[in-house]
Amino acid sequence: MNTDRTAATWWNRLNLAFDELFILIALLLLIAFFSVTADNFFSTGTLSAILSQLPALTVVTIGMTLVLISGGIDLSVGSVVALSGAVIGVAFTVLGLPLFVAACLGIVAGGCAGLVNGVLGSYLRLPIFIVTLGMLEVGRGLAYMVTGSQTAYIGPSIQPLALPIDVLGVSPAFLLSLGLVVLAQLALTRTVFGRYLIAIGTNEQAAKISGIRTEPYLTWVLVISGLLAGVGGLMNTAYLGASDPNAALGLELSAIAAAVIGGTSLMGGRGSIVGAFIGVLIISVLQNGLAQLGVSEPSKRLITGLVIILAVLLDRWRSHS
Amino acid sequence: MMTARLAIEGLSKRFAAPVLKRTSLRIETGCVHGLVGENGAGKSTLINIVSGLLKADEGILQLNGKTYDPHGRKEALGLGIALASQELSLIENLSIAENILLTALPQKLLSLDRRNLLREANRMMTEVGLFHISSDTLLSQLSLAEKQLVELAKALSMDPARCQLLILDEPTSALTQPQADRLHAIIRQRAAAGLSVIYVSHRLDDVLQVCDSISVLRDGEMQLTAPSSALTSKDLITAMSGEELFRNEDHGHSESGDVRLRVKNFSSADYPDPISLECHRGEILGLAGLTGSGRSELLHGIFGLVRKHQGEVTLIENGAEISIDSASKAVANGMALIAEDRKSQGIFSNKSVALNTTMAGLGKLGSSLAAALPKREQQISAEMIERLQIKCEGPLQVIDRLSGGNQQKVLFARWLQAEAEVWLLDEPTRGIDVNAKIAIHNQLKELRDNGGALIIASSELEELITLCDRILVLSNRKAIATFERGRWSKEKILAAAFSEHQTQRAV
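Top line first, the protein sequences correspond to chains A and B. Taken in order, the first sequence gives residues 1 to 321; the numbers are from the numbering used here. Taken in order, the second sequence gives residues 1 to 507; the numbers are from the numbering used here.
Simulated from the structure, these hints should not be mistaken for laboratory data. Note that this is a predicted model, so its numbers are computed, not measured. Heads up, a few of these hints could be off.
[As the list claims (entries may be wrong)] Listed below are the simulated EDC-like cross-link pairs for lysine to aspartate or glutamate, each with C-alpha atoms no more than 20 Å apart in a straight line:
#1 B:K66 / B:E9
#2 B:K329 / A:E204
#3 B:K478 / B:E460
#4 B:K343 / A:D315
#5 B:K351 / A:E204
#6 B:K308 / A:E215
#7 B:K21 / B:D69
#8 B:K351 / A:D315
#9 B:K492 / B:D69
Using the sequences and the hints, build the whole thing.
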């Protein structure tokens, strides 16, 4: 009897770990495939290409995943990335503020956009899909207004953030995004905050009856998403060496795709930050690998789309078996 | 003897427990037949079987002398069984006209015949008395009473030449008296033309007035069938409550203590009539009433889930008074609510037993950044599984895999773990098997004996009578009477529960 129970517990535990294991295997298979088919997939050039593009998408996906788990969605992240970059660029070049202060302003701008989303969505009970769709337009419009629709060149002062450190071979931005992944995963799985997000996303009414005030949590999660989009804006600006109001167009869709590939449910209540990070890696590896194989841009998009649909299909099949 | 329109012989149906026990009933041609009984007597199950929504376990049904065994509602409709359901079968996003004729939408080649649709719908709306509204209006814009009239129009719209039997389940629950009178006139007129009607209602005076004969159902068994001219509402209540056989055993517990929960002049949008009540330490207060009497609405109001209009809900602990105005404050101060619908208001679906056990207690950790360690949660959950004898594979099993009774035990574990002392329980044993029910009853008594204050709402009078120290009876969202243990009888409680439904006509 006792051994039965232990065995059952182990089986359960394996099943829980399986969620992340499954996509990790998918990632490894994908890497194996490209290393065989593409000649120089493992070259430092490819690796640094992948690593330099990763950080912005990673931090934005962390926020997106948290919002999705709470039962919401944040369509505004791409525009907020551009807005944050615009604020940083203008604060630094036009206003002449120190880079650190400019960066903080950009992140705060993202947080403000998130706060507006959150308050409208939770305290005023507007549908969050529509609110963030509105913010997608507002954020982009503000980015154009702030920059006067011009790309502001910043130059080498900001680029070190996105350039590999000699000893490690990875950029500070990459390290920062990795740190945020770990932090967010811990917050999700090991704090009361994370439990409450999962509870609210699973069954909001039951969460209320359990004594959880849902409004502050639903607001906070969008503020976090906004702040992270602000950080994403900083990373993107560093990568480009300039603040471009056209940056990160459609990034929200990549973030949603990465989260979903990583096992996050669009219905809320289920998801993993580590899984979403692997989702980001899958998307990046896929894009770079296909480019190396000389696949045309239209075919790349088609294949990426199919992979997303395949991921959801597999996920459905897993949760039913 | 003439062939009956509908003859039911030895009908049985069981879910967790038997609901219908070899029940028989004859509905004559052109007869309006009343069917009454308290909650859970088996009326809805009987209606659902006749209208094709449920399959009987055993028994024979005959329609006009021919065997009648419908596979689904559609076949029953085809055979001329019209139904106006209590849980309105309407679609909010369609117009009144489309709702009324939903099962028989007039078609033109490949498209909807709008002219016929509107004409037909307008005729039915005039008949039931929906004059002032356009048939284009979306259903979602109507009041509850208007929706009920649409439901009736829908049932009445079946071609009289085809319609054999009309089933009305609580058709007047939301209607005013003139509206109800109008409906009754239509029913009498249709019956005179040969239609048979089954009329189910809690409004006993209505039943006595409109029906030719009446049957009383109790615990799935037919108690009496008689012409309504030979019956009074007192006869019906006596038949529904049964002989005074139920055990009024004294569970011999000590006197209850100080007031723990005080509700003063409370009212909300869902519970408009101001109510005051008190629940003491070491006491179980029962809330009795028919479906729709406002029990759930009152409990949700006390718990702070809905905005109150007026009044005050106060917890009293060691002389200190805490006013409760939100659910989070209620939980933080030791209140618990186990809501009626376990699936939509209780469990966190697809989540582990551990998460479901610990959710309400997390607030005690103080900060939302406090650690909620999976190991610790599993340990707490394992202890609760042991203590409440929850049958499951372990803390990590997904709660949906557990039986209803064991899911309910997990909800108890959730509040035990949160150290709740004031418990509001809405139908705590509905839909669970007998063993789990006994376990939960024992749990409730233990909570009371340890100084807890409990309010239990239940449709099952027997349950309240065995558990409670006092029973408050609600009728039509009003507090009618409070009975002390030993001073109550099932008949008195039922009479109180029906009272607002009877006096309504005098208003």
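The hints, checked one at a time:
1. B:K66 / B:E9: 13 Å, holds
2. B:K329 / A:E204: 17 Å, holds
3. B:K478 / B:E460: 19 Å, holds
4. B:K343 / A:D315: Violated - the C-alpha atoms of D315 of chain A and K343 of chain B are around 24 Å apart, more than 20 Å.
5. B:K351 / A:E204: Distance ~14 Å between K351 of chain B and E204 of chain A Cα, so the pair holds.
6. B:K308 / A:E215: Given pair K308 of chain B, E215 of chain A holds - Cα atoms ~19 Å apart, limit 20 Å.
7. B:K21 / B:D69: Holds, at roughly 18 Å.
8. B:K351 / A:D315: Satisfied, since the Cα-Cα distance of roughly 17 Å is no more than 20 Å.
9. B:K492 / B:D69: 40 Å, violated
In terms of the numbered hints stated before, the structure departs from hints 4, 9, listed from lowest to highest.
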